[in-house]
Amino acid sequence: MSWIKDIVNPKLRLWEEFYRNRWQHDKVVRSTHGVNCTGGCSWNIYVKNGIVTWEMQATDYPKLENSLPLYEPRGCQRGIVYSWYVYSPLRMKYPYLRGVLMDLWESARTKHKDPVEAWASIVEDEEKRHEYQTARGKGGFRRAGWDQCLELIVASMLYTAKKYGPDRVIGFSPIPAMSMLSYAAGSRFLQLFGGVMLSFYDMYADFPPASPETWGEKTDVAESADWFNSKYIVVEGSNLSMTRTPDAHFVVEARHNGSKLVVLSPDLSQVSKHADWWIPVNAGMDGAMWMAVNHVILKEFHVDRQVPYFVDYLKRYSDTPFLIEIEKTADGHAAGRFLRANRLARYRDVENGEWKCVVLDSPSGQARMPQGSIGFRWQSQDGQWNLQLKDGLDGTDIDPQLSLIEGSEDVLQISFIDFGGGRTFCRGVPVRYIETIDGRVAVTTGLDLLMAQYGVPRGLAGDYPTSYDDEEIAYTPAWQEKFTGTGRNTVVQLAREFATTAEKTKGKCTIIVGSGINHWYHNNLHYRAGISALILCGCVGVNGGGMNHYTGQEKLTPMASWGTLANALDWVRPPRLQNGPSFHYVHSDQWRYERRHDDYHPPGGRFAREHFMDLQVDAVRMGWLPFYPQFNRNPIQLVRDAEEAGAHTVPEIADWTVNQLRTGKVRFSVEEPDLPENWPRVWLIWRANALHSSAKGQEYFQRHYLGTHSNAIADEVAQDTVQEVECRESAPQGKMDLVVDLNFRMDTSALYSDVILPSASWYEKNDLNTTDLHSYIHPLGAAVPPCWESRSDWDIFRALAEKTSELARTHFPDPFRDLVATPLLHDTRDEIAQPEVRDWTKGECEPVPGKTMPHLTVVERDYVNLAHRFNSLGPGVKEHGVEDHGIDMDVADLYDEFAKTVPAYEWNGHRYPSLKDAVDAANFVLFFAPECNGEVAYRGFKERERQVGLPLADLAESYRGVRYDFADLGKQPRRILTSPCWSGIVNNGRAYTGYAMNIERLIPWRTLTGRQHLYLDHEAYRAFGESYPTFKPRIPLANTLNLVNSKAFGKAVTLACITPHGKWHIHSTYYDDLRMLTLSRGVEPFWLNDKDAADIGVLDNDWVEAYNDNGVIVTRAVVSARIPRGICIFYHAPERTISFPKSPVRKNRRGGGTNSITRMRLKPVLMAGGYAQNCYRFNDYGPPATDRDTYVIVHKLEGKPQWD
Amino acid sequence: MNVRSQISMVFHLDKCIGCHTCSLACKNLWTDRPGTEYMWWNNVETKPGTGYPTLYEDQEQYDGGWVLEDGQLRLKLGSKKSELINLSYNPRLPTLDDYYHPWTYRYKDLIDAPLGDDQPVARPISMITGEDMEIEAGPNWDDDLSGSPIYAANDPNLGVLNEEEKRRFFELQQLVYFYLPRMCNHCLNPSCVAACPSGAIYKRGEDGIVLVSQEKCQGWRMCVSGCPYKKVYFNWNSGKAEKCILCYPRLEMGEAPACMHSCVGKIRYLGVVLYDADRIEESASRPESELVEAQRDMILDPFDPEVIREAANSGIDRKIVESAQKSPVFKFVKQWRMALPLHPEWRTLPMLFYVPPLLPVTATLNQQGFYEMETDFFSSLENARLPIRYMASLFSAGDESEVIAVYRKLLGVRIYKRAQTVGDISMETAQRALEEAHLTPEEVEGIFYLTALAGFDERLVVPPFMREQVVELGIDTQAFQEQRGAGFLYWPKRGL
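Just so you know, the protein sequences line up as chains A and B, in that order. Note that numbering that gives the first Met the number 0 numbers the first sequence so that position 140 is 139, with each residue one more than the last. Note that numbering that gives the first Met the number 0 numbers the second sequence so that position 256 is 255, with each residue one more than the last.
It should be emphasised that the hints constitute simulated quantities derived from the structure, not laboratory data.
List time: in silico DSS-like cross-link candidates among lysine-lysine, alpha-carbon distance up to 30 Å:
{"hint": "1", "chain 1": "B", "residue 1": "165", "chain 2": "A", "residue 2": "481"}
{"hint": "2", "chain 1": "A", "residue 1": "26", "chain 2": "A", "residue 2": "62"}
{"hint": "3", "chain 1": "B", "residue 1": "239", "chain 2": "A", "residue 2": "10"}
{"hint": "4", "chain 1": "B", "residue 1": "215", "chain 2": "A", "residue 2": "47"}
Remember, it's a predicted structure, so these values are computed and weren't measured experimentally.
Chain B extracted, bound-state conformation (with noise of 0.2 Å):
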């Protein structure tokens, strides 16, 4: 067993309210300079629909992350000679236009306008070349547009779907969107890694953050087009790659990213699990069917006798096997098996996890034609707006069972709830699906204690960094409290 420590993350997208807090909180902090204004390394897309970059999904056009061929993984890029080959020319790279082209306005003109005719007006213009432009995309483009016949009809999810099926999300007795926020997931098995010719990214060792070292990066573009996810962005100004960076420094501070503390919704749980590394490359290599099941598998219970002793061996402290044990994401990922990886089929092991969203129940006509719910008193599994298939095709690579196991949990314990504080739900009914959704009345109360009381300190439970004992590694400690701490960027230097 080879413990590690890795900061992982839960969201509840039943909560998401689709405000987009998250996303500014990161642009103010990280990407509002010149090479970045594209980036949203934190975005949030409205499902059905197709993304940012749009069709990002669709592998058969960007070729990112892992494939299984002869029981190996490889690259879906290609061996490393292919990539050399392809170094200057990649033509499975996002274009700016798959992103969208930045823009601002003339906003002087509104103060400076000199007196006219009719009322001024601040054009945008292009904030790569400063020329006049027609704005035709946008980080969040099909943002809310559900039942739009260009962006939610082409989500390439929806494969899984029948003509008949897809036809009905454009009337209104099925109608629906959920949101889907992203952010890197500091994958265990990062194919943005793999990919870098230079060896410019890595795993922080304390934590498993991806970073790309601004040193060392050349700018070859390989890890935008090794993510899947497309979470690594080429910043044109510095000319390297950028992407998520977890809010190192606030965590390293006990904040958490700024991301999460943003989040109004709630939705986002963040906390250290332990993992076997070891068993990283036998996971990513299973069976589709069963690779939700493998990643589960690789996380540890901090509470196990073995794991401590073991995490004490691989040199984890104590204080984070002690983080561990308070970690929400253990629990929704281990314990409730509530909370699912984006894509696993991808097989970067992405450490994010999504609890899928509960949705309004379908409608039919009457004779009169009008509409009439069906009489579900709570959303509910048989009449969910959209298929299992479509959320197995997100979360589980297909597989319905993991899918319709949490959304029997979800409704169980909101029905368990309903008989304890109202009562026209009896016990009974209650207990019974309680019993289909393999909970007991200990576990409901804690899934609704965490997806509804727990404060901000017990969502995102950051763990101690210890930041002496890295810094002790490079420099003594007391004299980078005295030099680097204080923070001087610039020296003055000698002489005129």
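One chain only, chain A, in its complex shape (with noise of 0.2 Å):
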């Protein structure tokens, strides 16, 4: 074997120091990714000679259970290439201006001695405005200072606010999780000055509704290693592979450890290589094959044969055995709300009494009242509030019925839609009659309910199905075929082995799922399809178990503690908190562009309106959701009027603030938000890509905010549908005066700002990341100070507070007052606010904030002394301690201590502890947080001992010396402890999984019933039909006005555009990165069915154009039979700034990304408010921006790419 060189002799391999020299390096320093992925992990940033050269990832995570596969090595191909951004040509070095801005500014300046005076003779000036707005998004960036920007910058908020008012400055930064400090650094600045922080969770449609309609809860999930406790998953709308990369491997390890793996995707998905079995369900249509799931598991794990396990944990657990009423109709009878126990004579006269639900005691046969319903949250006397099944009146045992069929006393029979086949069905319901205070109700029990709507055959007259064959009856296997495209031997095998697991391990069924669902307008009842499931199956709150959903990095653990740095809780309250679809909605004149509701769902009562405005503007009136600006006036000149009137206190204020909107002399903004004075003025835009990724209708942003070119071809349509809103003739273009956008890169939304401060990178500054996936809190370190003239955007807000102190000594000395409304919140009283819907716009009850209408309250402001706000922690920590999930925790004796042990920062005579310095910051959200502090943990287990009546602290016991600091985490990674804020028990390693702490320990979900919620009682779920869970398709093409003013000629087809999240990329984060496109084609290609393209004469790599009234794409095909027919996938969020070609079909004008063929639609029933857990809370609350039932004409590109 002469040809085998086997080489020992250094001295002949003296070249090997080649290599080796490329590998070595000075230091190496702990960070991670602020990007909104969910991973959350912890890297090694590699510094050689100050240049950071590469990341690899750290694998020091602290161990969970031995029984669990360890979570190293975290972090994907989209993480280790982060270090090619740090010195990219796409890095922003200097702050850069718009050369048009910066003329006329400079100009204006040598006019104006007062920077605020020269912003004026800019704005105010019509033609110069024009010029610059419509610059935007056109190149044209120069170089400029960074006084010179900050300066402008204060000078147009000081003139809003003083012109219009603060509540007209706004601002976006999403995903607080990921960078806690740099979000943190902007809301705490905009708070101070009474600005508006837009949500980020909702906006993206990642929020989950059904997850607050079920559980009172935003989303509280499995960490990833929970996976591994599992026996049967089900993936659907998850790519694992590819969206939760450095997770996927405890599914995988779970098939290995005996694990079923089923995914549910219509493509040919990553993760489903990985499946037993991998089921192409069609798209958009989940819920269907849900629905016959449980109607099989209702029949053969509840009727035929009685599960013990899942007979206790649905009397425990759930609402299904509380009574609801049966309502008489004209034509028959429908499911009415929950009986409340005011309505009996045994119960009159209890507090709260109808908030407080009642059920059938079996052994009594009597309608008793059991703790736990949100009545007994709110109700004076402490204790009562837990889920022990005891009567709240007396403390006797209750035993409740789960079905009123043995020894109904008759059986009525109730109508139930099919909206999938669009037929009414009626059913019968075995009946109890009670007597109310009344009179003699009809009622049943929420399982009888239930088992009617699925439809699961009893004896019972009515339209029940005759076998699961029954394909015109939902919701049998067969009835589900047409619309999942699955038969109905699958689904019921699926069923069988579904329920037949967690029968055996009691509950170790999960569901993962993410956006792929819940972008869907019907999002909210594929999820309660599916999450009926689990709860017919015990499923919740059981490691290995629940509905695990995961879309966007939305968990901020230390949330107690970080709510006060970022609201600025610390020196004023309430902040002003926007949910972001309502927001953009309205004033991005979306709604415009939308005919009605009934389109999409018809109602009855009183939402049978026209148009989602009127419901959108009844939902502000009615203290629903917040809407800013506020009024068609200036909050702070509100205020002063008040007070000329003759209205001092707060109280007067409000009075005399309630008497303008009922005379109509002051009139919510939404009411008229094309009004000048309503429209938004300022934008500050950081860690986020707000005019591209976050841009649903982003066309519409482009002619409506910013007044620039737009490829949207829609026509406005609602001006003859709307009742309760002005409806100008035209639709304003450019109502931003001022969009300002802090990036390290030059992203789309920094090319189409009017300023772009350069901020620090990831590797470049101080700040903390948690996540959903995994249990631990993650530094971000700086390996290298900010590069070139960037800051870190702590630093850079701290520089806008210090320019706002400075230029505002001339233009508001002294202190004042500004008005601020907020809506009814979740978590306060406000949860028993509204029994029943009344509108006083229309006479139906009083105006009364906080009660039938919006909070109004009276904030202090100080701008002179803003930045010394911004840099101390204020007082507001000792008298309001810190708050989450409705637990006040005290730590006034903590603040002293604290003060003792950190920098100090000196103003006006006092002395507090120094936020001057992100470090800083972190330490005080660490110091305070009770997933950081065992002691905190310690105190808010304590009070929720007082609310709950049960112990809890023994959780905390073992920890309450522990305390995290910023330094400790760049050691190694730390885990949260257990806490009072959330649900999940993690003592001794256990993996985190939500609402083990309801199940284990009693406490009640923040809900109507305490319970978790299959039937939602609320009269707008009523109206809509989906007071149960129910099937609702996706929208046809004709309802969503896609293809109005779009033809297709030539070689074409219509296709579903589905936008998930891809494989190179991290929103539009990493697309731009030179590694990813060298492995994506170069381009975020367009993906097509092989048939599909064969028809329109398309090959592999071939340029297509795809497009639809709202905008269009232009881009390479990707052909493959993993796509199926009738759908296109275009993964979401690719940077329109990279070789993206002119559109032939949009007067070549260059096409844009996947947000230029949405327009949002919001839905009306997630609207509601006042009213248990159907209550507002930021990111927790409110419709999502949906926008996945989109459709496009697609067909090869004429000719070569035209690029300039």
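Assembling the complex is the task here: the two chains are given apart, and the hints tell you how they should meet.
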């Protein structure tokens, strides 16, 4: 074997130093990536000669239980190429101003000594305003100075506050969890100023409304290690390998421990490769399959045979035993509201009796009021808000009857709508008659109603199916075939395996779900159908079980302390927080391109209005949703006017304002959003791609916000249908006076902004990071100082605060008062504000702030000292403590303790803990968070004990002395502590799973009955036919108005366009990274089925044009049978800055990205408020901006692509 | 017995999520210099597919590896003589188009564009010429492209299937793909070494890593042709061949290679194995059906007293033997026989082994035309979406029994664990599955542990390198510490 050369002699191998030299480095620093990927991975950043070279995953996560696989190495293909950005040609090294605006500004500044006056001279001149607005997005940037930019920005803000009000200054920065101090920097600054923060979770449609509907919680899910505990895993709408890249291994490993993996996905998605079963459910139709699965589970595991574990679970933890009134309707009977305790003689005088629900006690045969309903939460007596099955009146035991079929007094026919088949069924439901204080009423249980809704035959009269093979009757396995494309036998087998596994393992079945389901218009119904299966099989709150929704890095674990910092609650309260979907739907005028909401699903009753905008206006007036700007008047001026009219105290000012509203002298802005005084004016964007990947309906953003070019050709069609809103003749273009972007790279938002401030990247600043997917808290660490002239977000907003204080000496020399309107809030007494829907504007009730309309509060602001406030931790922490999930934690003594050990900041004769440096802020967050300081957790549990009346603080005993500070996190990731603000129990390395504490410690869910809700009795839900889980198919093309003006010509095909999260970028970040572009064909391609492609003469890698009335995409095709016919996939959020040529069908303007073809639509039922779990909370509630129901025409691009 | 130690790898393909993090870790560390842009020492391919460089498996085109001629091994490339004739012209070299033409973008235009009448955009340009270019190929061009008439359909391994079987890959009921990460196999019988006219390629004596000396390489590129896996590349800037170095600078410090460290699917296992170097030629010369078993035979049991003794005689440190005893590669390849070499028929004795992936079961259309799964509870052998013949074409030179044996084990472990942790499959059924798979319950727990639970240091067992001994052969170790360990690249010169 002469050719094999084994060489040992190092003299022949000196050259090997060549590669050793390349590997050598000087320093390794721990950091992570703030990119809303949910990864939250710990990375080692390598530095050589002061230059970042590359990154490798950290592998030192503390272990969980020995029976679980380890987390390391976390970190994916995108994270590992981040270092490319640091010195890339896209890097923002300096501040930039668009040349047109710079010229105007410099000229104005020579004429006006005062910057605010200079700004006025530009924006009040229509011609000048038009000049720089139309230049947006068209290049022409010039390097500018920091001070010049800061002055211009602050001048615009002060001008706006003075002329229109501070609530016309808005900020957008998403997902604080990914770099929570960078978020808090801007939000703290804005809340001190009186500006508005826009939400993100719902704007992205990542927020699953089914979660508050069922559990009263935004999202509370298992960490990924817990997937390993699951024995039956159904994945739908979540492409784990692509979007949960560092977590996917837990599912793969679980398979080798005997777990089955079923993937529901219309395309052969990447996770399908790991499936035992890949079921290609038709896009947007998953709910139909779950309806049939539930039909089988109910029939075989609840009727034919009863499983003791399931029965016990339903009785304790679900609303299914609660009594629901059957109402008489014009043509029969319908399910009504939960029967309330105060309607029964026995309970007529109990406190909050209209918020306490009842069950039928089996032994006594009487209606009884178990503890735990929301009325118990807000009553004066402590300790009854728990899930013990005891009578809230006298503490006697209750054994609720799940079904009334044994010994029913009557069977009433109730009508059910099959929204898929367009039919109505009448089905018999067993009832009892209960004597109430206003007469005898028929009632049934939640479970009986569910049996009827699912069409489970139990020998009752009515339109029940004869067998699983009945194709006509909802919701049999045969019925669902036509929607899902999946055979009945597969569905039956799935249901049986699922329920059997749950029975054998006591609930270790999970559904892992994400945006692939959640972005559909009827997402909540798809979710609720799946959730039903889990609850019916006792899988929620169990390790290895649960509805595990992952879309967006929404979990900011140390919420209680962080919320104080970010909302500046240590100085001012309440903050101005706005749900993004309503804001953009209204202000970017997308409502004008929308027809009637009954196109989607005709409701009854008061909700049978013509247009979404009408319901949006109602929701604001009744305090269901926030809306900013609040009124058509400056809220500072409003207070002055009130004072002038003799109102001085806060209640007096509120009363005066109510009267102004009642008489129409002051109006809500939402009632006439296009009036110039109601426009948002200044927009600060950071850590975001707000004008692109966040901009559902991007072309409308460009037209109506920016006043620049747009590819939309849709008609305005709302004017004839809206009733509650003033519809001006044509929609204004260019509402925004100034758009400011903080960025480390030239992305689409930067390209379209007026000012770009260079921000430090993730390897150049100190910050904190948490996620749903694991239970650690990570630091971002400065491996090198901020490069070139960039600064950390914290330092940028500190500089803006200082500039504000400087310029305010002229314009706001004294403290002043600002009227703040806020909606009815979850986790406050507002949850029991509106037992019934009453509209004060229709004279149905009195306008009472905080009850029938928004809260009205007066806040004192001090612009001259704004910077001091920003820089110091205010006394509000001592006074109010920290709060989350309705748990107030007293930390006054800890504040004093903290003050002794951290740097101080003195002003106005007082000494405060300093917040000047981001590390100071990090240490504040860590020290006051129950998840990072065992003492705070202990106190929180004590407080929860008081509310619940059961022992809880034992959970925190063992770690009461634990404290984490920022330096600790740099040494090794720290695991979060079991916290009263969350529901998982993580002691002794146990994996986090949502609602474990509810199950094991009998803490109620924050819902009407305190239990998990399958039935929602709010008037809106009943009107829209969504009170029980049901199925509504995806929106048909005609109703979307996508293709009214867009016509097909030549060889073309119309396809449903779905935009799941892709492989080579996280939203738009990393998309422009050369490494990722190299692996993704140099562009975001458009995936087509091979036969669809053949029909239109498109070969792999041909250029195609995809368009609808909203906009157009021009890119290359990928052809594969992996994609089913009739749909196309264009992965979410490629930057339109890279490689997108011009579009012949849109006058040769440059095409756009995923959001160019979308227009958002809001689901009215999700606006309901002031009613138990149907109650607003920032990012946690409200209608998501769904955009999945989108269609495009696709054809081959004519000729060669045109670039310039 | 001539005992050698070799660092060897197992890739558990069932666990691979196709993320390419491995490739990028490698790219960052080693190949983003001029001349290396197109190189991916580690790459990930979608199968069925044509790979990178495209169709590299087609040795009729590329003539890589070895062939057996009259019982003798010879390079398929031809004799040394014909090589020399071809030195300046080698038609069997892949062209840049077979890899891809590396590109970048005019990124600066986004910041520098003057005010225009439309949004500026960054256009693609060649990384080599700087000119505008159309992108027609990339390093993973057919990524995730199951059911592609251009790529999936032209996978050379599909040659073993009939037309009907091929057609079915385009139907939902049988659509399928999986990932195949590839890097240098650090072969025991490396054809790149044999093909090099300059003697620039060698195996390191202490660990078996195959390296191209950047001093001795003269850029003949015969190694590129000779390697059937196309894992040696030509650096057009330096004029030398380069290839995966198994991150020896990291290994020497006790750290796993970057691709393995960064493998987020945790599919990669690394450890040292001992083998009998006297048996290389004989093993590589066996009939195709015996190649897998012959290679397995060469790997020695590090617990065998005789092997331990012979290892000492061959100068292998006791610490290496102990490391070999902890090697997960030994377990997967030799003890459990679950990991197989890629294309053993090329006879290079590749030392990177693959556990083939489980795949979803097939489906049929019911009477109403709707999609019904086969009723198997788990993935199954009988209803697998890819015929065993395809896997055998990749991993066992066509020997289906080797592949079937692996699948029985993969399934046996799952069935047994199901019976144990859920109980809806009976223990009797599970026992039968173990019998078919020739597995004991202890082995099941071992396989399960290493597949699912093992930590970083148990999956990636880097042997001790004892660099002082290697250094000492060339220079006094303390002198090295003082002079070179501190790492001066340039010394100041005396005088002006």
